[in-house]
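Chains A and B supply the protein sequences, listed in that same order. With the working numbering as the guide, the letters of the first sequence map in order to residues 1 to 277. With the working numbering as the guide, the letters of the second sequence map in order to residues 278 to 710.
Derived from the structure by calculation, the hints contain no laboratory data. Take the hints with a grain of salt, since some may be wrong.
27 Å max Cα-Cα, derived DSSO-like pairs, lysine-lysine [unchecked claim]:
#1 A/K97 x B/K589
#2 B/K550 x A/K109
#3 A/K109 x B/K667
#4 B/K492 x A/K97
#5 B/K590 x A/K97
#6 A/K109 x B/K492
#7 A/K97 x B/K368
Below, each chain spelled out in residue letters.
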Amino acid sequence: MSAGLTFTYGVVRILNLAHGNLYALGAYMGAWLVLGWGSSAMPVLSYLLLFAAAVFIGVTAGPLIERLFLRRVYGKEEEIQILLTFSILLILEDVIKLVWGVSPLFADKPYIYMGHVRLGGVDYAGYPFLLTGIAVVTGILLWLVVTRTRFGKVLVSVITDREVSSALGVNVPRIYTLAFTLGAVFAALGGAFTAPMFSVVPGIGAEVIVVSFAVVAIGGLGSIGGAALGALLVGLARATAVHLFPELDVFAIYLIMALVLLFRPQGLFGQVQARRI
Amino acid sequence: MMKTPLLSVIALIAVLSPPAAAQTPAPRAAGAPKELRVGIVTLLSGPASSTFGIPAKKAADAWVEKINDEGGIGGVKIVPVLTDEAGPGDKVVAEFRRLAADEKVDLVIGYISSANCVAVPAVAEELKVLTVLFDCGTTRVFEEAKYKYVFRTAAHTGIDGIGAARYLLAAKPDVKTIAGLNQDYAWGRDSWEIFSRALRKLKPDVQVVETLWPKLFQGDLSAEISKLLTAKPDVIFHSLWGTDLASVNSQGRVRGLFRQSLVIHNNSAFLFKEFRDLPDGFVVGFRGTHWPDVPDPARNPLQKEFIERCTKKFGEPCGSPHGSYHMVQALQGVKTAYEKAIKATGRWPSVDDVVKAFEYLEFDSPSGRIAMGVGGGHQAIEDSLYGTVKLDPQRNQNVLSSVRVFPAKCVNPPDGVKTLDWIDQGFRGAQCP
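Input sequences plus hints: build the corresponding full structure.
Structure follows, in structure tokens:
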């Protein structure tokens, strides 16, 4: 989720408030597919359905949003970009209600299939380990794509200098669409695979985007490695607070964010950018 | 030739006969208006809509139809004006003013959120609009203020915690340690305060070993469940709802939380399809006797009719019992108060006449007999229902077992006494079986 948010920002330079809705769309589509076609006789099918849901949402909603809306505000004032993505957030919120209604979708079978493991005398669900594995694999794949493929090299050149890349013959608008779609797939992947952990209800997108912003602010906007470290820090902060100071549970996340921003306003891995004149 | 006059007579009878439903219309009170406009305010969007708001809306649809089928109130048909409760408090108050000024409603039935139930009454008093709070739970409405035009036809949250404590001591009398897992806002804090205080009054040696306050709709409760698994309390009390409730059920079941501790939940507004997946041994409670077989449709014709009307209209019950039964209670309260006022005045009543009739009113509902017993006659008291989820292996579905109904006067303080004071005083005057 945070990787998608920071990746999108890194390329198209738009802070996408509707990123949480792509997460929500992935969650709804994943839960809907699992409820409709998941089978206890073939548990692996449920995981494939979750993956298919994420890809479907990413490759349909991603290009649609980028081509219809975002393309018109590249390079414009940040206020306009924020207002536009906030409008998309509200529109998608209602689209979800129109398509799936307001009743919760509860598809916890993929979570239950994974059972539990006992560590240090405490039972832990197996499913979060799967999520960790997916996050690690996704991160490695993303790194390989960016550093080892032609597409990645073109992407880096567009991030570094859009004008020069365009002058060299790179189809910049196409790269933007592809990058935004990839970010959308990441968001939907996050939604689809976390859906089995809780009921999917209207409003989950807005809930998750707030923590995602904290994660990318800690890691540094535009940095995928930073997003990974930010997510780790936020998770550890929450778990530590719950165990030692339950009253400070939520506060702990934002305390870390405030401390990081105080000493490194660009985030742990963010780069200070020279202002172009 | 004989056929024509016979057919004519039959046709004449058919034309002159009114439709079946209107054959015995309620007599129209003198000075009655053309229609009774009722603002219905419930959550139609947002995370609480599916389990609370939409069931209430469906119940209003079904029950207004029933009242109108039977001729309305005092011969006047109800015209519902539906409004979404979702949004911040100032928007909800503005909507209330719109209902009164623009929609010209005669009364308002509404509000699931306790915050709205605290914000709206002052405006209702200012505008002198009869307002019936149908579902919100906070004890503050009538324990910290007095209102003339405001009533609440459902019990407040006091019975959730007191009922839970009483049920727990009956189910597990040797309980020594408890833990709380409640959302970090007024509802979670109040629920825990009432339950833990009531339990420690009834069994002073009980120790609180953990209190956790996850953020509202946090979803992932892994850290909290780990903490509860290491704390190993005998009993875990929680008041989670929405996505957090689903999370603790699935995450807690996989991780053995329900095997390790007895988990008790207050105010269980489950949809029936959610109930099918609840873990075995989970103790659930209801604010009022709202369950398909409690009180008992065979003995309570209104409950039977409510279930039948919902099933006929929507193909299934109106949704979670919490919101739906409470909505019907409000409509029944309004109907009974108006009819009492009409009888007393001999004409269509003024709002002050209805207020007078409403105070300390008793009326029948699908949940049984409801008494406006406290808060100066403005606040209803209800029985408290608790039971344990049990998997019936024969039917391969969950059933509510070990059901206990605590009478209203066992779990509600007497009129004029605040809930927490009543607990601290040792439940003086409680009438328990």
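Structure-based check of each hint:
1. A/K97 x B/K589: 25 Å, holds
2. B/K550 x A/K109: The hint holds at about 15 Å.
3. A/K109 x B/K667: 20 Å, holds
4. B/K492 x A/K97: Holds, at about 24 Å.
5. B/K590 x A/K97: Roughly 22 Å between the alpha carbons, so the hint for B/K590 and A/K97 holds.
6. A/K109 x B/K492: Holds: A/K109 and B/K492 sit about 25 Å apart, inside 27 Å.
7. A/K97 x B/K368: 21 Å, holds
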